[in-house]
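Chains as they are written, first to last, in my numbering: chain Y, 1 to 312; chain Z, 1 to 312.
The hints are simulated quantities; they were obtained by calculation from the structure and are not laboratory data.
Quantities reported herein were computed from a predicted structural model and do not represent experimental measurements.
The C-beta atom is built at its ideal place from N, Cα and C for all residues, glycine as well.
You may find that some hints are simply not true.
What the hints assert, rightly or not - If you only want the chain Z side, here are some residues facing chain Y, beta carbon under 7 Å, derived:
#1 Gln200
#2 Ile204
#3 Tyr218
Claimed, not checked - Covered, in the sense of this in silico footprint (three residues per stretch, anywhere, with C-beta under 8 Å from a C-beta of chain Y), are these stretches of chain Z:
#4 149-161
#5 193-199
#6 206-212
Given next are the chains, with one letter for each unit.
There are 2 protein chains.
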Amino acid sequence: MTDSVTGFAPASIGNVAVGFDVLGLALSGVGDRVSVRRIEGDQVVVEEVLGLDGEPHPYLSKSTDQNTASIAAKALWDEHGRGGLGLTVHKGVPLQSGMGSSAASAVAAVVATNGLLPEPLPTAALLPFALEGERYASGGLHADNVAPSLLGGLVLCPEALLPHTVRLPGPDGVSAVLLHPELQVNTAHARRLLRKGVTQAQWIEQQGYLAGFVAACYSGDVALIGRTLRDVIIEPQRAGNVSCFDAVSRAAEGAGALGVSLSGSGPSIFALCPASKATNLATAMEQACRGEGIDCQSWVSDMNAPGAYVET
Amino acid sequence: MTDSVTGFAPASIGNVAVGFDVLGLALSGVGDRVSVRRIEGDQVVVEEVLGLDGEPHPYLSKSTDQNTASIAAKALWDEHGRGGLGLTVHKGVPLQSGMGSSAASAVAAVVATNGLLPEPLPTAALLPFALEGERYASGGLHADNVAPSLLGGLVLCPEALLPHTVRLPGPDGVSAVLLHPELQVNTAHARRLLRKGVTQAQWIEQQGYLAGFVAACYSGDVALIGRTLRDVIIEPQRAGNVSCFDAVSRAAEGAGALGVSLSGSGPSIFALCPASKATNLATAMEQACRGEGIDCQSWVSDMNAPGAYVET
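Next up, chain Y with everything else stripped away, as it sits in the complex (with noise of 0.2 Å):
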């Protein structure tokens, strides 16, 4: 019997711009890790929280009820597992982000836990564990991080419909590209500070650009997602609390994005671009980033990057 699994999951971009909550899309080449292990007893312990240095993290809590990763796995192993479970947690993805953070973490502890039991959960079965993990970050059964996280690529999720899930084909040729600025936006708090209700054109409009974006991903018309790959709604509201969204979105714009918009709440900005552009793209973005006196790191994905997996 195996004593210990690593599992790891990718970063993601929530809403991707035009599916406020119901749309999330995974990052390829950053992620977080977690490894579990049999332990004596029967609590779920987090045992180390580790940074990209190696070092202890020096934010994150080690308390099993505070932790998106050991709620998420504790949530798996007491309906599945038994005994005691011990996890590491390695943070890939930086915290507060906009990148899907705590689904990440979440994500990875369940993948990895999940490796632990008599007899593992096909991978869609995780993700209402999964999902237990981010109510705790986000305060609400928001999928759009944690389902692509888990899933990988494009992934509709519509709180309604889950634990249902739609993978989207990632249209041929286009690529992400995600820019993370050194800030940092507490999610649950931006969510409090969005209006509450929205006109009813606004919503027409969006759901318009919505329906129009799931049609262009299916159909492979890439002139139709640089039509649809706007926010009306929520953009407007958020992104005035990220100092270098004009100057990076403009770059991105310049070197011939589809579309740009902020990754989940913020601070990250994600440009959707033709693939052969990606590069050049990515550069903008950060020099218009630095430009602001802001430094920065940027990704390149393509639409189809894979999802969660055990490392062997």
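Place chain Z on chain Y using the hints.
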């Protein structure tokens, strides 16, 4: 040179429950005919408006600027035609039925008029002219009846993307049933009664259904159509105006409907269902309607019904 042309344009289901103002579906077997002919002078005139019985229609105006057929025909003729134009409108779609009656007249008129032009336009290029007629009838640029009536099938047509529209694949094995109870609802009046705002929660729920429905059409996921064909915002505000709505929708659900809602602003009620159940479902809806003391008729249509055409 041809001196007269007749165009046919089908009735249609506006909104299709899940896509208020952005989605429409063409119907088979019911529509309007408009015949146009060259006449002396340089005016566009309505010569006759006839009902199904071939007698002059008791309600519709023959004033060029008060009939959607002549408004639409004139918009096209003024830009591309020369001389005088006389229209005869054969109404096949009941008035104020929620079946896109005004749109069918406008579309049939532009399709016929196009046939008299020295260089006829491609069908899709007729949309803006037909919309001029609809603007008169409904007070806005809503293409959800005009676009399917012109182009056929299931059409995504958000105002923000016009004149671009997206024909969605109607899923194989699914049919539409439309029941027209002998009641009338004025569309423009019905619009004015709607609340001007929605909550954030309603918007997010509804756009999730719409996005899922579009995905279901492309992927042919009939079960997903059943989970997403819902209207949580508009239907609750309008269903109370249609006294037979509850009885008819219960009957449709009992007979295997994937979803039931108002067609446009009603009073017509439509259901999507597996094609094999369509005939019995129509019978069940009719029985329920008559059980409420309201006479009615119904039509069964596939999801890829043809759009408007010139009759030869």
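Against the structure, the hints come out as follows:
{"no.": "1", "hint": "Gln200", "in the structure": "5 Å, holds"}
{"no.": "2", "hint": "Ile204", "in the structure": "5 Å, holds"}
{"no.": "3", "hint": "Tyr218", "in the structure": "4 Å, holds"}
{"no.": "4", "hint": "149-161", "in the structure": "holds (count 5)"}
{"no.": "5", "hint": "193-199", "in the structure": "holds (count 6)"}
{"no.": "6", "hint": "206-212", "in the structure": "holds (count 7)"}
Figure legend: structure checked against the earlier numbered hints; every hint is met.
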